[in-house]
Amino acid sequence: MTGPLAYLYLTRLKNSIKELFKKPARLIYVLFLFALMVFSLTSGGARMGEAGFRDPAELTAMATALYILMFLLTVHNGFSRGGSIFTMSDVNLLFPAPLSHSRVLFYGLFRHINTSLLLGLFILFQYGWLSRTYGVSLVVMFGLFLGYVATVFLGQITAMTIYIFTSSDEALRNRWQAVVWFLTALLVLYTGLYVWQHAGEGVLSAATTVANSLMVRCFPVGGWLGWTFAAFVSGASLVPGLLASLVWLALLVCLINFSNRDWYEDVLKTTELTQSVVAAQREGNLEALPDKVRVGRTGFDEGWGADTFYYKHRIENRRGGVFLLSRNSLIFAVFIIIMALFMRKGGIVAVFSLATYMQLFTTRSGRINKELTKPFIYLVPEPPFVKLVQNLREMLPGALVEAVVIFVPVGLILGLGGPDICACILARVSFALLFAAGNIVVERFWSGASKALTMLLYITVMTVLAAPGAALALVVSSNLLLISENFIVFLVMAIVNIPVSLLVLFLCRNMLQYAELN
Amino acid sequence: MLEIEHVVKKYGKVVANNDISFKVDAGQIAILLGPNGAGKSTIIKCIAGLLRFDGRITIGGYNNKTQEAKRLLGYVPETPAVYDLLTVGEHLEFIRRAYRMEDDGYGKQLLKRFEMADKKDKLGKELSKGMQQKLSICCALAHRPRLIIFDEPMVGLDPHAIKEMKTLFREQKDAGAALLISTHMIDSVEDYWDATHIMINGRFAATKYNQPNDLQAQSLEELFFAITEGGRAE
Chain H
1 MTGPLAYLYL TRLKNSIKEL FKKPARLIYV LFLFALMVFS LTSGGARMGE AGFRDPAELT
61 AMATALYILM FLLTVHNGFS RGGSIFTMSD VNLLFPAPLS HSRVLFYGLF RHINTSLLLG
121 LFILFQYGWL SRTYGVSLVV MFGLFLGYVA TVFLGQITAM TIYIFTSSDE ALRNRWQAVV
181 WFLTALLVLY TGLYVWQHAG EGVLSAATTV ANSLMVRCFP VGGWLGWTFA AFVSGASLVP
241 GLLASLVWLA LLVCLINFSN RDWYEDVLKT TELTQSVVAA QREGNLEALP DKVRVGRTGF
301 DEGWGADTFY YKHRIENRRG GVFLLSRNSL IFAVFIIIMA LFMRKGGIVA VFSLATYMQL
361 FTTRSGRINK ELTKPFIYLV PEPPFVKLVQ NLREMLPGAL VEAVVIFVPV GLILGLGGPD
421 ICACILARVS FALLFAAGNI VVERFWSGAS KALTMLLYIT VMTVLAAPGA ALALVVSSNL
481 LLISENFIVF LVMAIVNIPV SLLVLFLCRN MLQYAELN
Chain B
1 MLEIEHVVKK YGKVVANNDI SFKVDAGQIA ILLGPNGAGK STIIKCIAGL LRFDGRITIG
61 GYNNKTQEAK RLLGYVPETP AVYDLLTVGE HLEFIRRAYR MEDDGYGKQL LKRFEMADKK
121 DKLGKELSKG MQQKLSICCA LAHRPRLIIF DEPMVGLDPH AIKEMKTLFR EQKDAGAALL
181 ISTHMIDSVE DYWDATHIMI NGRFAATKYN QPNDLQAQSL EELFFAITEG GRAE
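As they're listed, the protein sequences go chains H and B.
The numbering of the first sequence is the numbering used here, which starts it at 1 and goes up by one.
The numbering of the second sequence is the numbering used here, which starts it at 1 and goes up by one.
FYI, nobody ran anything at the bench for these hints, they're computed from the structure.
This structure is a prediction, so every number in the text was calculated from the model and none was measured.
Think of the CB as a built atom: it goes at the ideal place given N, C-alpha and C, for glycine as much as any other residue.
Be careful, since some hints might not be right.
[Claimed, not checked] Which stretches of chain B does chain H cover? Using the computed rule of at least three CB atoms under 8 angstroms from a CB of chain H, they are:
no., region
1, 46 to 53
2, 70 to 77
[Claimed, not checked] Each computed DSBU-like pair below joins lysine-lysine, with the alpha-carbon atoms no more than 35 angstroms apart:
no., chain 1, residue 1, chain 2, residue 2
3, H, K374, B, K125
4, H, K374, B, K122
5, H, K292, B, K108
6, H, K14, B, K10
7, B, K129, B, K119
8, B, K166, H, K374
9, H, K374, B, K208
10, H, K22, B, K10
11, B, K119, H, K18
12, B, K65, H, K374
13, H, K23, B, K10
Sequences are here, hints too, so could you generate the full structure?
Below is the structure:
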């Protein structure tokens, strides 16, 4: 990569750093994240294998499962949307330029490493609990991080290759999709059968053994990189997993570059699609629309005045394939349930904390965020508070179902009683309401702020709003014992969160009068 | 119908609208003309109640943020406001129900007029940019507003739709509605306007009233270029 491409790469990098200093809010956000990361990375320090820590095999099993899941999700996107390693400006400026296809491809690959690195940063924030539970050192942590980055990187290139070779032939695409589903089903069947047969030894132990088995490690990309990480942790040879991954990368690059296909046209399509998804996310639509929407019944059954928004959301949810639980919510729910298996030592409070942390980001995807980007919610001549409530109404049944789907299995895994599970569900729903209210606060006072600042404000506001419930739960739980400590902790949190949310919504009732739609 | 008094809108240190005052009476068409970045869309959004501002805006005598004012207002945004997962027909039904209007078939008439009746079961996301713009216009008119504000309404429309839009402007004017149209395309406003405000850097650089009998008057185009290219305005 020399000449104009090197110039372009370095100039973009330089300008993105300069841009940081022009926007103080973004700089504060980056520094905050950096400080948080440094804090996370310096809060550990134990040694793996020492007494008191859990078996490192559990860690490598988790890593393999995470890598495989990420790879499959990215590949699945490849069949429908492709996923591109290029931006629209790359496509518009570089593709027509007199540069060789290979150079442009390698430029794209090189730039994509940056994106993969950024996407993997969240792994580093897990250092605290991984260090406390498994005695993970900083070196192992970076190994885990690099494995994740490599998975995202290879997954994206695989997705792009799949799209390039199948976009013009639906039958071929269906055949390849069937192959991927078959391999996935085989993996699920194998692991499921193994765990079922060895359930007597304990589900966690059986799941750990099977995830570290040769069969799972041979699963493309995710399995190979999980193998490499496991070898890194245990000091075994890195060659098999690493070699398989490198051969895969070389194969894909050769396929794209030396095949007779003119991949510019296909990449143009995938880039346009990726761009439209990014634009939709910027507008607050955090869930990509399905490619083929089944329109079904048309027209409104009900709705008059402000509640027309609620009935509109129901139609949109039906067509968007969101039946109480979105695909993202379901993935998060499965992730939390799997994590509960590994976090039994920490108890329900640790699992609930993780679930609430993840909820912080999923609550923002409610339809009201999308609605706030359209003019109708501001223009319709109805009382602003009523419009606000009607626009939030759609999320409550989904929040309840999500809470049940997560905490019934989690409760069973952790051996909780019925009242404890009910209290967890109630607390989860109360947090959904609290986070929705927090979102309104941010929109009310800081609408129009930059994305980075909005995120920082959002997290700060949520922390402040959640503080009364958490503090009171702590105080009460240490002084009272009703049915169980867990029950009282979650019940108190819910009892405080609900009025706090309603109070916040009431105070922001005129938000629609003062929000800014830019 | 529309009165704007000393409106100032700032984005940080940037003054997007600086002390803007004007009015549009019932049965009048006013044009906001200016180059990109002159502040036309900002004042339009202030009128629609989508931005905070200093000053006073009233619609039909009501503060523009009140429900009474909103009921009188129709707004066609620059970027078509269309829901991806609603059909064309459902957009019109949504507006009718949200504005508490009984179904008198006016929505269907609008769709027919803009040649969208055969697309009533198409989803918003399946429409081309021009079709989305037409739907956005139908939505703005569906509740029979008395003040209609258009932000660059011709962008993305095909010649037939542009012709239809011009006819519609005249019809709405004749029916007593007040219209405010923002545009940077001088030739799109032709001769149906009553007043044109030329905006530069957030201010009104000149206001011209349409007097067909005044043969000595500078054309809108001449006036615009005289102002924007450094000449002196009349």
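Verification of the supplied hints:
1. 46 to 53: holds (count 5)
2. 70 to 77: Contact hint for the region 70 to 77 of chain B vs chain H: holds, 5 residues under 8 angstroms.
3. H:K374 with B:K125: The given pair, whose Cα atoms are some 15 angstroms apart, holds under the 35 angstroms limit.
4. H:K374 with B:K122: Within the cut-off at roughly 20 angstroms; holds.
5. H:K292 with B:K108: Measuring from Cα to Cα gives roughly 26 angstroms; hence the hint holds.
6. H:K14 with B:K10: holds (31 angstroms)
7. B:K129 with B:K119: Holds, because 14 angstroms separates the two Cα atoms, which is no more than 35 angstroms.
8. B:K166 with H:K374: With Cα atoms ~26 angstroms apart, K166 of chain B and K374 of chain H stay inside 35 angstroms; holds.
9. H:K374 with B:K208: Satisfied, since the Cα-Cα distance of roughly 34 angstroms is no more than 35 angstroms.
10. H:K22 with B:K10: holds (19 angstroms)
11. B:K119 with H:K18: violated (48 angstroms)
12. B:K65 with H:K374: holds (17 angstroms)
13. H:K23 with B:K10: Satisfied, since the Cα-Cα distance of roughly 18 angstroms is no more than 35 angstroms.
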